[in-house]
Each structure stands twice: as structure tokens, then as C-alpha cells.
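> Please model the entire structure based on the sequences and the hints provided.
First to last, the protein sequences are chains P and R.
Quick note, the first sequence lines up with residues 0 to 306 if you use numbering that gives the first Met the number 0.
Quick note, the second sequence lines up with residues 0 to 257 if you use numbering that gives the first Met the number 0.
Hints are all accurate, no fakes.
Here are the in silico distance ranges between beta carbons for each label pair: (1) R:Tyr6 - P:Ser44: 46 to 54 Å; (2) R:Glu79 - P:Glu126: 57 to 65 Å; (3) P:Ser20 - R:Thr82: 37 to 45 Å; (4) P:Ser20 - R:Phe113: 32 to 40 Å; (5) R:Thr82 - P:Gln133: 58 to 66 Å; (6) P:His134 - R:Phe37: 25 to 33 Å; (7) P:Val8 - R:Arg253: 51 to 59 Å; (8) R:Met190 - P:Ser44: 16 to 24 Å; (9) P:His25 - R:Ile229: 48 to 56 Å; (10) R:Ile64 - P:Gln133: 31 to 39 Å.
Source of the hints: derived by calculation from the structure; they are not laboratory data.
Here the structure is a predicted model, which is why all the values come from computation and not from measurement.
Note that CB positions come from ideal geometry on N, CA and C, so glycine has one too.
Each chain is listed here by its residues.
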Amino acid sequence: MTSRRTSIVAAACLVVSLTASILLLHHIDEIRPRATIADVLYISSPKILKRASLGFDGLMACIYWTRTVQYFGHRHFLRSHTYHELAPLLEITTALDPHMVPAYEFGASFLAPAPPNGAGEPVRAIELMQYGIQHNPDNWHLYYDLGFVYYTELKDYKRAAAVFDQGSRIPNAHPFLKILAAQMAEHASEYSTARMLWTATYESSSDTHIRQNALEHLRAIRVDEDVTNLEQAVARFEQANGRAPANLWELAAAEHLTELAVDPDGAPYELSFDGRVQVAEPDNFPFITKGLPPGYKPGPPKFHTKG
Amino acid sequence: MSARILYIASNTFREAVRDRVLYNLIAFALLLSGAAIFVSQISIEIERLVVVNLGLTAVSLFGIIIAIFIGIGLVSKEIEKRTLYTVLSRPVRRWEFIVGKFFGLAGTLAVNTFFMAIGVFGALLYVTREFSKPDAFILVALYFIVLQFLIICSLALLFSSFSTPLLAAVFAFSLFVIGSFADDLRGFASMAHGAARWFATAAAYLVPNFSSLNVISAVAHQQPVSLQLIVQNTLYALFYTAMALSGAVLIFERRNLK
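Encoded structure:
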């Protein structure tokens, strides 16, 4: 009986202590300044990390890749303009496991774009991709991604064409690579080339994140192209009438159009009093470069699956 | 194998099971199922890589820890409990005792690895929905891990035949760490000159080469493992194990147990 009583008291103590410790920790977390552990690289040398992993470098690479994704995702969500640890994290991940292809593919798209969509480090993105190609020469995706960075971030058509061409020679390469190489060589229209690149990205990947990102870029390209066309129409109207159109209906009538131009979500574009064309809901188009209201500050990124 | 060795081996296996060694399978199952379920939520496109890398690393580390901590106590515990005298008073030779203990521990680890392998393939099926041909190379990686266990078991027995359990654990674990750096040791030897070169070369060939027995990263990327490597690694592990066991027998035969 005494033993049973002791067991009951011990079990009660266990539950009470556990609950109390969890509640206390919760309160301590609230009063303590936020830890910055995610932003600290305790060991920055890939060589030391490789040796310290005692041969289990594959698992270590997975851990570092997850850390990279978390680091980028967190800062991207905060619309941060600095990603100081991104390149070192990617360097460590790929040094630990040079065959981890997602680290190159996603890593380049994290590094290359200008902030807040990326770290704004296209040169390091190129170095990363070149390292990836060196270790995975038969993977055409890496050539595609490298050409992508040359084209989108550096506008280096010559190098982009050369890389796409190189990739197109790999067995089982996507047929888009040959077309892209030709388009780069002849400096085809920006929008059609960009559309083809993102369509190729969408079609060649089975990853939902990549496909969703490609879809968002395709939506943004359509908006940018629409806004460019509408602004050209506004300019034509101003030249012909000596004033800006009062609204988009007037513009549509002047252009002999039967309906108003709408964005990919089906919302009509808006025309400001000074003749600027803009989208109704800029938050729905995180990658557009045109049609943004003056002084617009983007909120946290949100993705849509609508085509 | 003589009946006496088999008897000692089966007793060692039973003792390990009684010591709840196989409870590590629960921790392993939790680790792997957790990784399989949660990794897709916190990372991108590495679900398969994580399951294979984490699964095989866990199989390896759990096994090495068991091999060292059980192996170092195999001889000393029998001396402490004075059960060794009962065993040796029967028609059992000292070498049979050592070899039986080795097979008992190796058997425990093989059974443990078998159940863990089922866990690895189960988690893999969960994340990939289907098996592909290159997944068969995971079996090769598991086989190499078992070969590592044979070496570690024999080393733990070797050290426990003349040393205290604590020191034997330190020695065995140190050799595991040094053996993981065997390739670096060879690289160092090729750069050194004179006596240092000889010393480093000798050390590189004397310590067990665990790096050649580690193909986890390769199979995680579905890269093939050559038959030549399988055969040569098997022979290497068998010879090394035989060498360490012979050393353990030699020392134990001369040990004063009074």
C-alpha cells in the first residue's frame, strides 16, 4: 500500500513538475531577447565540418541544406535586404555533398535575384552553379539554371547562349534548351524569352515549390507586358489628343478594343489621373516590375496557384 | 564452428537481449518516422536523401555504440561476476570463449541491423511511394555497416582482454574516429618526409579503414557500388577482424586470471 502511495505521489510530482517547467520556459521565452542562433555560423569551414562529420557528411549536408532553407525562408518572409549567411551556408552544404542537386537549383534562385526576392549575389550564384556542374556534369538542369542566372540577372546573352547550348548536348536534355540557346543568340523579345524560361522551369520540374514560383513569375510577366502595352497605348492617346485618357474605357475605345484589359486574376487595370497604369491588387503579384502604385511597399510574399 | 562456441555465442546474444539492448530500435523507429514525416515541411526536395542518410547513419552509430559498450564488458563483466571461472572450469578453451563472445555480439548487431533495415526501407517507401532499382544499393551500404561492426566488436574485445572497461571504450572509440580519417592519414603520409612519412604510412595501414566501408552518401544519391569494392571490403573486414580477434586470444590466453 505504501509503495502504491509512493507511486501515485511520484506520478503526480512528475506531471506537476513537467507542466510547471513547460509553463516557465514559455514565460522565459517571452521575456528573453530573441535568440539569433539562425544567423550564426559557428563553423564556417566546409573542410573542418566534413572531417568533423566522421564520414557521415551526407546527413550533415542534409542538415545544412535544411538550415539554408530555413534561413532564406525566414529572411524572405521578413522582406529582408541582407542575406549574409546564405552563400556560406550553400558553400558548406555543397562541399559536404557535391551531388545534392536541389542545393544548386534552389540555391542559385535564392542567391541571384535582387533583394528582397533574393540575396542579390548573381556572381556567387554563378560560382555555385559552376561548382555544381563540375561535380554533376551530366545534369542538364544545372546548365539550364546557370544560363537562367546569366540571362535574368546579368543580361549576359552570349554566356547564357553558350551555357544553354552546352546543356542541350547532354543526353535527355529538355528540348527547350536548344530553343533558348537560339533565342539568346538572337536577343529575342524580353518577354517571350522570359516566358519561355519560366514555362520550361514549370514543365521540367515536379517540385511544387518550383512550379508555384514559375507560375508566379509567368503571371508577373503577363502583368509587365500588359502594363507596357497599355502605357504605350496611353502615350499614343496623349500624342493624338494632347491629354491623358480620362479612364481605361476611353483608352479602349481609342484603341478599338471591345473590352477592358484585365490582370491574370481577372481584375481590370487602373489608370491614374496622371496617365499611369497600375494593378488593383499589387500584393497578388510579388514579382511584377511594372504597374505598382507609387510608394508601394510589398508585404510578406504570398503565392497563388491560379494560372 | 564448435558447439561450445555456439553455446557461448547464443548465451551472449540472450544476455544482450536481456540487457534490453534491442530497445534502441524504439528510438531508431521514432527518429526515422519523425524525419520521414517532418522533413518535407522544413526542407526542400531532400526527403529521400534525409531518409537514407539519417537511416543509415543511425544504423551505423547505434550499432557502433552498442558494439563498443557491450564489447568492452564482455570479458571484464565475466571476471567481475566470477562467472568466467565457472565457464573455464568446464571443457571450454579461452580462445573459444573469446570467439564465442565475438559471434554473440556480432549476431546481436546483425539482428539489430536487420530490424533497422526494415525501418529504413519502410520510411523510404513512405516518402518515395515506390522502390527503384538503385535502392538495392542501400543493402550494400547496410552490409558494409555490418562489416564495420565486425571490426569494432573485435577491437572492443581486443582492448577488453587486457584493459579496464573505461580505457577499452576510449581505445575502441578513438580507433573508430582515427579509422574514419584513414584517407586523410594516407594523404598526410604522402606529403610527409623521412621518418614521419614511414610512421604515418604505417599508422594509415594499421588503423581500420572505415572510410572505404562508408558508402552512405553514394547510395543516398542512387550511385552504384562496384562488385570489386564489395568483395575487397569483405575480405579486408574479415582479415582485420581475424587479426584483432587473434590479438585478443593471444593476450587472453596469457592473462593471469587469479
